[in-house]
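Chain order of the listed sequences is A and B.
FYI, the working numbering numbers position 58 of the first sequence as 58, with every residue one higher than the one before it.
FYI, the working numbering numbers position 247 of the second sequence as 247, with every residue one higher than the one before it.
Think of the hints as simulated: they come from the structure by calculation, not from any bench.
Identical copies carry no separate label here, and so any pair may be met within one copy or between two of them.
The calculated DMTMM-like cross-link candidates involving lysine to aspartate or glutamate, where the alpha carbons are at most 20 Å apart (straight line), are:
(1) K246 / D213
(2) K116 / D92
(3) K245 / D274
(4) K186 / E70
(5) K88 / D63
(6) K246 / D133
Quick caveat: nothing in here was measured; it's all calculated off a predicted structure.
Protein chains: 2
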Amino acid sequence: MAKIIVDAFGGDNSPLEVIKGCEMAIRKLGTEIILTGSADKIKKCASENNISLEGMKIVHTDDVFDIHDEPKEIIKSGKNTSMAIGMKLLSDNKGDAFVSAGSTGALVMGATFIVKRIKGIKRVAPAPILPADRGSFILLDAGANTECRPEMLVQFAIMGSAYMERVMGIKKPKVALLNIGTEETKGRELETETYKLLQKSGLNFAGNIEARDIPKGECQVVVTDGFTGNIVLKLYEGMGSFFSKKMKWLYSGIGTVGALFSINKIKAFKKQMDYRETGGSALMGVKKPVIKAHGSSDAKAFFNAIRQAQKFADGKVVESIENYVKILSEREQTE
Amino acid sequence: MAKIIVDAFGGDNSPLEVIKGCEMAIRKLGTEIILTGSADKIKKCASENNISLEGMKIVHTDDVFDIHDEPKEIIKSGKNTSMAIGMKLLSDNKGDAFVSAGSTGALVMGATFIVKRIKGIKRVAPAPILPADRGSFILLDAGANTECRPEMLVQFAIMGSAYMERVMGIKKPKVALLNIGTEETKGRELETETYKLLQKSGLNFAGNIEARDIPKGECQVVVTDGFTGNIVLKLYEGMGSFFSKKMKWLYSGIGTVGALFSINKIKAFKKQMDYRETGGSALMGVKKPVIKAHGSSDAKAFFNAIRQAQKFADGKVVESIENYVKILSEREQTE
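Could you put the whole structure together from the sequences, leaning on the hints where they help?
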């Protein structure tokens with residue numbers, strides 16, 4: 001069974017919702033959990049809320065990474081935050097994956113310098129799985145690298161494909177390059193150059209995708225630079241909230257009879273759009289699986305993030321990426 | 001009364017829906033219309049569909065700008081397309097504004113080289129008005145200039161503010177810089193430099209806006225480069241379609257009783273989200289008002305685009321921008 005390291009002090013609802021989520025994972029999935037953070041506080045919180053800590057091992061530290069700290073603080077020596085310790089444990093093979101709802105910037109920094117990048121991979125990219133009309137898709141880079149070179153975007157495509165194939169079970173996922181038009185001449189130099197590289201990458205490259213087609217879900221891997229990706233991710237969230245609000249307002253008038261007719265559909269739709277269902281963002285490009293859970297995660301979201309981390313580890317995504325990078329670099333040398 | 005030049009052969013539904021929209025504008029607003037395009041085809045279409053051409057003057061040309069042509073074709077001599085002729089008429093002061101549903105790229109090119117830019121303005125930017133939870137906002141650049149310098153974004157802010165103030169009647173519109181975080185150190189060099197310039201611009205600068213807050217509508221002018229702006233515009237449209245589809249599906253189950261309760265709300269919401277209501281994108285930075293109507297515009301959308309063009313001309317937006325640019329350049333010289 002997978003052993004998952006969890007930062008007990010990341011996110012707005014820590015440690016209570018973290019511990020609850022871990023308890024669910026132990027009960028439902030048989031996961032082994034290593035919690036990082038203040039042992040006293042964890043035990044106190046668990047006992048006050050009648051949560052069993054059975055199956056959880058605590059690695060104690062009093063220090064917590066503050067969400068307002070500069071990301072680079074995470075790698076300063078002597079800072080034994082619950083996040084840094086979690087990543088050190090992961091790096092030392094004490095667990096199979098790490099989950100934290102702390103600062104994305106710090107996680108990317110820590111993943112890069114503590115857990116370290118996969119050989120040949122240039123950048124670590126946070127990659128959320130977003131809901132679409134048909135299925136879901138992985139978006140990367142969702143915010144870490146605001147300036148990218150074409151070869152980085154190709155690596156994002158490789159990593160996203162490996163994830164969708166091995167974790168989500170999609171064979172030969174369709175890869176699309178986010179652009180302002182479908183023609184290969186569209187966009188900035190970044191897009192036109194990336195387009196050429198993706199064409200000969202051996203991936204299932206479907207060409208450019210315009211932003212209006214993203215929600216259709218016809219492509220399962222959408223690649224772009226971290227600035228644009230962050231805009232897409234947040235607009236996706238913002239539009240979701242906007243429409244949820246509007247839908248509530250619309251439904252406030254339909255009366256009980258109408259609501260009865262549609263309650264199951266509404267539930268299904270809400271579930272489809274709920275970020276808590278997908279878990280969190282995978283940090284792609286790191287030697288071992290790291291999952292960034294949403295900052296406002298509740299127990300269910302932590303449970304799903306842990307499940308995702310377990311699938312990430314079991315799916316041998318990292319090995320698959322290593323393999324692909326090796327093949328690609330060998331091919332480049334013979335060209 | 002304003003005299004509006006309209007390209008009869010732009011968009012998917014030309015010339016029928018164009019002529020219908022013009023007829024509505026003449027009847028409801030008392031607009032004078034100059035149509036550009038094949039006189040025979042316009043007259044035949046009007047007579048077949050019982051549309052009166054009273055109040056419309058036709059400036060004949062057989063040539064039409066093909067949507068697949070390269071934008072620069074618009075300024076090649078000898079190409080007297082309905083779009084090029086419309087812009088020449090505008091430049092020659094034969095009308096107060098120009099409306100076309102043709103290619104955005106060609107319109108931007110034609111506006112820049114035929115109608116010409118306002119003195120001191122570096123780039124022409126298409127600027128759609130998008131619906132938000134509270135009111136609406138103008139987004140620029142929505143796709144023309146994929147690479148921008150900070151001073152261009154400041155000019156976009158000036159132009160957007162002038163439009164929202166003089167056409168939409170919003171006093172001191174709030175200007176926001178689209179970014180991946182609210183702190184002024186966030187983003188690329190483009191954003192950090194633009195932030196500093198906007199702070200001392202004299203505009204009502206509200207700081208950075210994250211994409212998730214755009215749909216709330218708390219800022220009325222959102223500025224960004226043309227690549228990012230195009231992604232935002234199209235994702236906005238795409239998410240809108242996605243949710244409309246979902247809403248139909250949800251409502252298909254509520255039954256007649258429920259639907260009766262909410263029909264007015266649904267109508268109000270649909271109207272709020274309907275691009276046909278706002279008209280089109282204003283081409284900001286041009287010496288005279290040019291409106292790019294949506295490619296799939298119907299009569300109602302053309303009517304609204306003509307009304308928008310009229311307000312654009314009546315509001316003296318161009319004069320307001322000229323004035324602001326002058327003040328700003330004088331201030332720079334004394335600094």
